[in-house]
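Visitor: One-letter residues, chain by chain:
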Amino acid sequence: AQTVTQSQPEMSVQEAETVTLSCTYDTSESDYYLFWYKQPPSRQMILVIRQEAYKQQNATENRFSVNFQKAAKSFSLKISDSQLGDAAMYFCALLLYNQGGKLIFGQGTELSVKP
Amino acid sequence: DAGITQSPRHKVTETGTPVTLRCHQTENHRYMYWYRQDPGHGLRLIHYSYGVKDTDKGEVSDGYSVSRSKTEDFLLTLESATSSQTSVYFCAISESETSGVSSDTQYFGPGTRLTVL
Numbered sequence: 001a002q003t004v005t006q007s008q009p010e011m012s013v014q015e016a017e018t019v020t021l022s023c024t025y026d027t028s029e030s031d032y033y034l035f036w037y038k039q040p041p042s043r044q045m046i047l048v049i050r051q052e053a054y055k056q057q058n059a060t061e062n063r064f065s066v067n068f069q070k071a072a073k074s075f076s077l078k079i080s081d082s083q084l085g086d087a088a089m090y091f092c093a094l095l096l097y098n099q100g101g102k103l104i105f106g107q108g109t110e111l112s113v114k115p
Numbered sequence: 001d002a003g004i005t006q007s008p009r010h011k012v013t014e015t016g017t018p019v020t021l022r023c024h025q026t027e028n029h030r031y032m033y034w035y036r037q038d039p040g041h042g043l044r045l046i047h048y049s050y051g052v053k054d055t056d057k058g059e060v061s062d063g064y065s066v067s068r069s070k071t072e073d074f075l076l077t078l079e080s081a082t083s084s085q086t087s088v089y090f091c092a093i094s095e096s097e098t099s100g101v102s103s104d105t106q107y108f109g110p111g112t113r114l115t116v117l
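In the order they appear, the protein sequences are chains A and B.
So the first sequence is numbered by the working numbering: it starts at 1 and just counts up by one.
So the second sequence is numbered by the working numbering: it starts at 1 and just counts up by one.
Rather than coming from a laboratory, the hints here were simulated on the basis of the structure.
Small disclaimer: the values here were computed from a predicted structure and weren't measured.
Backbone N, C-alpha and C fix where the C-beta goes; we use that ideal spot for every residue, glycine too.
Where hints are given, some of them may not hold.
Claimed, not checked - Quick list of simulated restraints, FRET-style, between CB atoms:
{"no.": "1", "chain 1": "B", "residue 1": "T5", "chain 2": "A", "residue 2": "S112", "range": "29 to 37 angstroms"}
{"no.": "2", "chain 1": "B", "residue 1": "S7", "chain 2": "A", "residue 2": "F64", "range": "25 to 33 angstroms"}
{"no.": "3", "chain 1": "A", "residue 1": "E15", "chain 2": "B", "residue 2": "V52", "range": "44 to 52 angstroms"}
{"no.": "4", "chain 1": "A", "residue 1": "K55", "chain 2": "B", "residue 2": "P18", "range": "44 to 52 angstroms"}
One chain only, chain B, in its complex shape (with noise of 0.2 angstroms):
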């Protein structure tokens, strides 16, 4: 299994607080990624990091920022919590690539249920 671990693993917040999701990996690998997992919706990018200050978004990138000061840590910060962000985040990595972009399997981490009241 990929080196990967995610913290925390659930949490509660309220409407309005910030919160931060870390996202550790071992493999030293490139990209990492985030995800968040609604029911009927699969899982949908939120954003990305292609090496350490470098990222990007995804498909539903609006109310979350991102930093990646190490190789090995990619946070995931929700300014205000909302509602509509209760969800299940993933974070994966991946390390090969061609004609620089990744095109190697992502490996995903365990998972962080977040719920916003």
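The shape of chain A in the complex, shown without the other chains (with noise of 0.2 angstroms):
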């Protein structure tokens, strides 16, 4: 079975600061994407950032990156320069190729800024 586990039900920072989400999944699949999705308190699913599973190189998308450890199947997001609108629930998500496009969530990080 395809498992992801967000191991930190919340996290906190300190504004400019970094802070690292931590996420380790399970598939004995080949062919996957792993993803960050941030949800704010009006609900809305936001898409962070986007990790190929083929590709070595992390994903990098302004403030945000990861931290992609293929063997170890470890998928951290890395948020610098922390800002007050990062506040938010962050869930990490595996998609698999070969089952209809079906992501599998963890279960979120709740991260809040500090001023």
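Since each chain comes alone in its own frame, lean on the hints to assemble the complex.
Guide: Written as structure tokens, this is what we have:
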């Protein structure tokens, strides 16, 4: 069975500092994508960043970057220069090519940003 | 932002009544999905569609049915709502595919909060 685990239910960071959110996953599939989604209090699910499993280079989107360790099945999200607007629930998700594009989500990490 | 709307946005209903939630997209994307979000579970897939009249079950499909008669609309029906179906429901869409299955980013609608009393 495929699983996604986020072991940090809550995290806190000071404004302008850097924080890393952890995610581990388990799958026997060789072809997959990994995502981080952000869910602010508005409840909207917003794509933060995406990583193709076949790519060795870590994805980067402005202040957001990932550390993708395929052998260890680890996919952490680093947020640099944290801003108040980064406060939200963050979900890690695994997309499997061969299962209709099914997304498997972790339980989420609630990030608070202190001014 | 992807053109995805969900209706209604909020609904309160009673146990045993039928409920239909609608997802509408203006992107002409092939793939559409229904998820439910509950505390401690993240989002879980209920059903998905890979084309008009083509649907399949997800991991939590019991008690739900879906229909897709047009590319732009994907309906989720609770035939007889139960309190365990109180949740927030999200629709998602995606387009690109590899070897006949979706392999692209999913974009989400704003969600529907359903309360079953």
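Visitor: Does each hint hold? Answer for all of them.
Guide: Right, here's what the structure says about each hint:
1. With their beta carbons about 30 angstroms apart, T5 (chain B) and S112 (chain A) fall inside the hinted range of 29 to 37 angstroms.
2. A hinted range of 25 to 33 angstroms holds for the C-beta pair S7 (chain B) and F64 (chain A), which are about 32 angstroms apart.
3. The given range of 44 to 52 angstroms is respected by E15 (chain A) and V52 (chain B), whose C-beta atoms sit roughly 48 angstroms from each other.
4. About 46 angstroms separates the C-beta atoms of K55 (chain A) and P18 (chain B), a value consistent with the hinted range of 44 to 52 angstroms.
This entry satisfies every hint, going by the numbered hints stated previously.
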